[in-house]
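*Asks:* Work the whole structure out from these sequences, hints included.
Residue numbers (my numbering), protein chains in the order written: chain A, 1 to 322; chain B, 1 to 267.
Read the hints as simulated data drawn from the structure, not as lab findings. This list has only true hints and no planted wrong ones.
The list that follows gives simulated cross-link-like pairs (lysine to aspartate or glutamate, DMTMM-like), each with its CA atoms no further than 25 Å apart:
| no. | chain 1 | residue 1 | chain 2 | residue 2 |
| --- | --- | --- | --- | --- |
| 1 | A | Lys223 | B | Glu70 |
| 2 | A | Lys6 | B | Asp94 |
| 3 | A | Lys6 | B | Glu116 |
| 4 | A | Lys6 | B | Asp120 |
| 5 | B | Lys69 | B | Glu224 |
| 6 | B | Lys69 | B | Glu29 |
| 7 | B | Lys69 | B | Glu27 |
| 8 | A | Lys6 | B | Asp135 |
| 9 | B | Lys69 | B | Asp161 |
| 10 | B | Lys69 | B | Asp32 |
| 11 | B | Lys69 | B | Asp25 |
| 12 | B | Lys69 | A | Glu222 |
| 13 | A | Lys6 | B | Glu125 |
| 14 | B | Lys69 | A | Asp211 |
| 15 | B | Lys69 | B | Glu220 |
Derived contacts from chain B toward chain A, CB cut-off under 8 Å, selection only:
| no. | residue |
| --- | --- |
| 16 | Arg51 |
| 17 | Pro93 |
| 18 | Gly95 |
| 19 | Arg104 |
In this text, a Cβ means the ideal position worked out from N, Cα and C, and glycines have one as well.
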Amino acid sequence: MSPTMKRSVGVSVVFVALAAVAAFATVDIGQFSGGITEADAFIINQLLLPRILTAVLAGASLALAGAVFQSVTRNPLGSPDVLGFTQGAATGALVGIMAFGGGALVVAVSAWIGAVGSGVTIYLVARRGGVTGGARLILVGIGIAAILSAVNEYLITRANIVDAAAATVWITGSLDGSTWSGVVILAAVTFLLAPCLLLTSRSLRVLELGDDLAIGLGLGVEKVRLLTLTGAVLLAATAASQTGPVAFLALCAPHLARRLTRRTGPNLVPTLLLGAALMLWADYISQHAIPNRVLPAGVVTGVLGGGYLVYLLAHQRKTGQI
Amino acid sequence: MSAPANRLATRNLTLGYDHRQVVRDLEVEIPDRSFTVIIGANGCGKSTLLRALARVLRPTSGTVLLDGKEIGAHPSRHVARTVGLLPQSPITPDGITVAELVGRGRFPHQGALRRETPQDRAVVERCLAETALTDLGQRPVSSLSGGQRQRAWIATALAQDTELLLLDEPTTYLDLMHQIEVLDLCARLHAAGRTVVAVLHDLNQAARYASHLIVLREGEVIAEGAPDAVITAELVGRAFGLRARIIPDPETGRPLVIPLPSQVTAK
Ligand SMILES: Nc1ncnc2c1ncn2[C@@H]1O[C@H](COP(=O)(O)OP(=O)(O)OP(=O)(O)O)[C@@H](O)[C@H]1O
Ligand SMILES: [Mg+2]
Numbered sequence: 001m002s003p004t005m006k007r008s009v010g011v012s013v014v015f016v017a018l019a020a021v022a023a024f025a026t027v028d029i030g031q032f033s034g035g036i037t038e039a040d041a042f043i044i045n046q047l048l049l050p051r052i053l054t055a056v057l058a059g060a061s062l063a064l065a066g067a068v069f070q071s072v073t074r075n076p077l078g079s080p081d082v083l084g085f086t087q088g089a090a091t092g093a094l095v096g097i098m099a100f101g102g103g104a105l106v107v108a109v110s111a112w113i114g115a116v117g118s119g120v121t122i123y124l125v126a127r128r129g130g131v132t133g134g135a136r137l138i139l140v141g142i143g144i145a146a147i148l149s150a151v152n153e154y155l156i157t158r159a160n161i162v163d164a165a166a167a168t169v170w171i172t173g174s175l176d177g178s179t180w181s182g183v184v185i186l187a188a189v190t191f192l193l194a195p196c197l198l199l200t201s202r203s204l205r206v207l208e209l210g211d212d213l214a215i216g217l218g219l220g221v222e223k224v225r226l227l228t229l230t231g232a233v234l235l236a237a238t239a240a241s242q243t244g245p246v247a248f249l250a251l252c253a254p255h256l257a258r259r260l261t262r263r264t265g266p267n268l269v270p271t272l273l274l275g276a277a278l279m280l281w282a283d284y285i286s287q288h289a290i291p292n293r294v295l296p297a298g299v300v301t302g303v304l305g306g307g308y309l310v311y312l313l314a315h316q317r318k319t320g321q322i
Numbered sequence: 001m002s003a004p005a006n007r008l009a010t011r012n013l014t015l016g017y018d019h020r021q022v023v024r025d026l027e028v029e030i031p032d033r034s035f036t037v038i039i040g041a042n043g044c045g046k047s048t049l050l051r052a053l054a055r056v057l058r059p060t061s062g063t064v065l066l067d068g069k070e071i072g073a074h075p076s077r078h079v080a081r082t083v084g085l086l087p088q089s090p091i092t093p094d095g096i097t098v099a100e101l102v103g104r105g106r107f108p109h110q111g112a113l114r115r116e117t118p119q120d121r122a123v124v125e126r127c128l129a130e131t132a133l134t135d136l137g138q139r140p141v142s143s144l145s146g147g148q149r150q151r152a153w154i155a156t157a158l159a160q161d162t163e164l165l166l167l168d169e170p171t172t173y174l175d176l177m178h179q180i181e182v183l184d185l186c187a188r189l190h191a192a193g194r195t196v197v198a199v200l201h202d203l204n205q206a207a208r209y210a211s212h213l214i215v216l217r218e219g220e221v222i223a224e225g226a227p228d229a230v231i232t233a234e235l236v237g238r239a240f241g242l243r244a245r246i247i248p249d250p251e252t253g254r255p256l257v258i259p260l261p262s263q264v265t266a267k
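*Replies:* What follows is the structure, given as structure tokens:
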């Protein structure tokens with residue numbers, strides 16, 4: 001095993017450990033030291049376990065999707081937040097809340113449709129002459145994101161106060177609504193798609209060399225792009241449909257993972273594990289940062305992730321990247 | 001349509017971008033085991049032709065034939081193991097090291113799940129040595145000079161280990177010594193039995209190293225053959241709009257192009 005590979009495995013183990021610590025902290029094992037009552041069992045089984053599993057699965061899905069977007073677009077800003085899926089999911093959720101009364105299932109389904117719909121639109125618009133350029137995907141995504149943001153603002157101004165409040169909480173992203181049925185859906189999609197995406201890792205590394213060289217090396221570039229983008233959009237959409245679009249997680253996890261593993265390429269496995277750990281910690285912090293006040297997890301990832309992004313841009317400007 | 005005598009050939013090849021034709025009805029053959037050099041003015045379609053020969057660019061009409069069969073009809077991995085391409089402007093992924101970059105050239109020799117083998121590593125080592133990069137293997141490509149970077153890309157194309165090698169301007173960015181080193185490397189590959197196709201801008205280097213020259217002007221072949229026969233003052237005038245005198249190179253006896261001042265400034 002090469003030194004970089006060893007480092008990568010070591011870092012991945014640390015991510016798993018970090019996730020485990022956060023999970024135990026969330027359950028707060030200490031508070032049940034006097035034996036578990038029936039009420040405690042209910043809290044653990046019906047509230048805490050689904051919450052932890054949702055955090056793990058959604059965090060891993062969003063991070064993996066982010067890593068794929070960044071690799072395919074060859075752009076460090078490629079992520080559901082920048083490319084418009086987040087806004088598409090929000091549009092879907094708003095329509096679900098305002099037009100159909102906003103049951104959990106209705107919101108999940110309509111957010112999923114919104115995210116996938118915006119993904120398909122962006123892909124079709126960015127495609128020209130059978131080729132989907134990375135820069136074009138980013139620019140089209142930013143354009144569609146801007147349009148959808150405007151639509152979302154308009155919808156919120158038209159909503160009644162209860163719907164508007166519900167929508168705002170949803171858009172921030174939170175794990176409060178986690179349920180076992182949501183976990184089952186998330187698990188099914190994640191366990192189906194994540195392994196498929198992990199298998200494309202080698203192809204993504206070659207795709208990063210540019211279309212000409214990748215085709216010359218025998219890669220079906222447009223096929224790889226279509227398949228990986230489809231997988232990533234479905235993962236991100238499903239995660240967002242359960243937790244709301246948790247800001248910046250998909251953008252930051254791949255950067256952090258790459259920095260810590262010091263490996264080039266999409267770094268899919270460490271990124272996925274880091275995504276799960278980050279989501280668990282964001283949720284834990286959001287519940288404990290301010291005494292007696294619970295924040296949505298998206299606020300924490302937004303503040304930390306946004307801060308990290310600014311740091312990254314400032315730092316990379318100095319070293320001449322981006 | 002006559003069957004081509006060589007592995008790589010084009011028939012009625014028309015190429016373009018968005019309906020704008022760049023190359024029309026081109027019939028060329030790359031002689032097997034030749035060192036073919038393509039020359040022509042900026043924008044005449046050299047890179048476009050090279051990209052089509054490596055089936056990176058799909059023809060508008062006509063065909064590129066590899067071993068007598070349309071190149072797109074071969075399995076893409078087979079083509080990638082037969083024809084290697086160094087594009088004019090490849091993309092350097094963030095943070096990649098020289099050895100990693102060269103290793104990615106092994107892609108067509110690896111299965112979907114197969115990891116790097118000792119043989120892959122041996123090929124990478126050899127390609128680094130051939131391009132004088134052994135000491136720079138662990139350096140990030142982005143920290144190299146333009147010439148070192150160019151050699152890293154050449155090493156990547158070499159690592160693909162193909163019978164036919166297509167190089168788009170392999171000597172650009174290199175100082176004279178490294179230009180000659182790269183051309184000597186091509187000459188060694190040629191001598192070892194490979195077919196090398198390179199786009200070059202220096203006519204004298206083309207004349208000295210090529211066994212076969214293809215001269216393009218506005219997407220058409222205006223001359224092809226051995227450099228001695230092809231390079232004339234008249235041809236240089238037609239291809240580049242340049243007045244020149246041709247004398248035998250005192251070192252090799254090959255044609256040497258001496259550009260003359262353009263008519264306006266001449267006495
Ligand atoms: N991707 C592209 N899209 C549209 N037009 C293109 C594209 N690539 C090249 N062209 C056009 O096709 C023509 C031929 O370009 P090509 O790159 O083949 O020239 P070249 O002979 O390699 O020139 P140079 O010596 O400058 O590299 C030029 O007019 C160029 O503007
Ligand atoms: Mg060119």
